[in-house]
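In terms of the working numbering, the sequence shown is residues 1 to 110.
Among these hints, one or two may not hold up.
[What the hints assert, rightly or not] Here are the simulated SDA-like pairs of lysine to any residue, each with C-alpha atoms no more than 20 Å apart in a straight line:
1. Lys-102 with Lys-61
2. Lys-61 with Arg-35
3. Lys-40 with Lys-88
4. Lys-102 with Glu-62
5. Lys-40 with Leu-17
6. Lys-88 with Asp-50
7. Lys-61 with Pro-24
8. Lys-40 with Leu-103
9. Lys-40 with Asp-29
10. Lys-88 with Glu-62
11. Lys-88 with Ser-58
[Stated by the list, open to error] DEER-style ranges, computed between Cβ atoms:
12. Ile-84 with Phe-104: 27 to 35 Å
13. Asn-39 with Gln-4: 27 to 35 Å
14. Ile-75 with Asn-39: 41 to 49 Å
15. Arg-109 with Glu-71: 44 to 52 Å
16. Gly-74 with Arg-109: 19 to 27 Å
17. Ser-58 with Glu-78: 16 to 24 Å
Rather than coming from a laboratory, the hints here were simulated on the basis of the structure.
This structure is a prediction, so every number in the text was calculated from the model and none was measured.
Don't be surprised by glycine CBs; every beta carbon is placed ideally from N, CA and C.
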Amino acid sequence: MVRQCQEAVELLLKAALRIVGVEPPRWHDVGPVLRRERNKFPVWFQEYIDELASISRSLRKEREFSMYGDEESGIPPEELYTRIDAEKALNDAERVLSLVSKLFSEVSRL
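Produce the entire structure from the sequences given, and follow the hints as far as they go.
Written as structure tokens, this is what we have:
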């Protein structure tokens with residue numbers, strides 16, 4: 001679940017950048033680019049940029065572990081994460097989805 005949420009957040013935030021005409025980078029955590037391009041977003045969305053960047057960074061840190069587990073100790077991903085971890089990742093992904101969906105709806109009406 002953590003892995004899928006990280007992928008969803010990454011793609012949603014890259015879509016947000018494209019919505020405002022910014023080509024997203026080819027790396028996983030686009031939070032720094034969101035902050036750098038903050039002024040290209042509507043004012044209401046700018047208020048959430050720091051939160052979105054934090055979510056992106058947090059989930060990015062978990063990307064490899066959630067895909068491969070801890071290879072050094074041989075612990076698979078399903079043993080590394082709890083239901084609480086999955087629920088937090090899902091809540092974060094839903095938050096990002098909600099904000100980017102609103103951004104898309106607003107821009108598509110123009």
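Evaluation of the provided hints:
1. A distance of roughly 27 Å separates the Cα atoms of Lys-102 and Lys-61; the hinted pair therefore is violated under the 20 Å criterion.
2. Restraint check for Lys-61 and Arg-35: satisfied, since their Cα atoms lie roughly 18 Å apart, inside the 20 Å limit.
3. A distance of roughly 29 Å separates the Cα atoms of Lys-40 and Lys-88; the hinted pair therefore is violated under the 20 Å criterion.
4. With a CA separation close to 27 Å, the supplied pair Lys-102 and Glu-62 exceeds the 20 Å bound.
5. Proximity of Lys-40 to Leu-17 is assessed by CA-CA distance (about 9 Å); at most 20 Å being required, the pair is judged to hold.
6. For the proposed pair Lys-88 and Asp-50, the alpha carbon gap of about 18 Å is at most 20 Å, so the pair holds.
7. The suggested pairing of Lys-61 with Pro-24 holds, with an alpha-carbon distance near 19 Å, which does not exceed 20 Å.
8. A distance of roughly 12 Å separates the Cα atoms of Lys-40 and Leu-103; the hinted pair therefore holds under the 20 Å criterion.
9. This hinted pair checks out: Lys-40 and Asp-29 have alpha carbons roughly 19 Å apart, not beyond 20 Å.
10. Straight-line distance between C-alpha atoms of Lys-88 and Glu-62 comes to about 12 Å, which keeps the hinted pair within the 20 Å bound.
11. For the proposed pair Lys-88 and Ser-58, the alpha carbon gap of about 11 Å is at most 20 Å, so the pair holds.
12. The hinted range of 27 to 35 Å is satisfied by Ile-84 and Phe-104, whose Cβ atoms lie roughly 30 Å apart.
13. Checking the proposed 27 to 35 Å range against Asn-39 and Gln-4 shows it holds: the Cβ atoms sit about 32 Å from each other.
14. Ile-75 and Asn-39 have their C-beta atoms about 43 Å apart, which keeps the hinted 41 to 49 Å range intact.
15. For the pair Arg-109 and Glu-71, the beta carbons lie near 47 Å from each other, so the given range of 44 to 52 Å is met.
16. Taken as a hint, the range 19 to 27 Å is violated for the pair Gly-74 and Arg-109, whose Cβ atoms sit roughly 52 Å apart.
17. Taking 16 to 24 Å as the suggested C-beta distance range, the pair Ser-58 and Glu-78 conforms, at roughly 20 Å.
Of the hints listed earlier, those the structure fails to meet are numbers 1, 3, 4, 16, in rising order.
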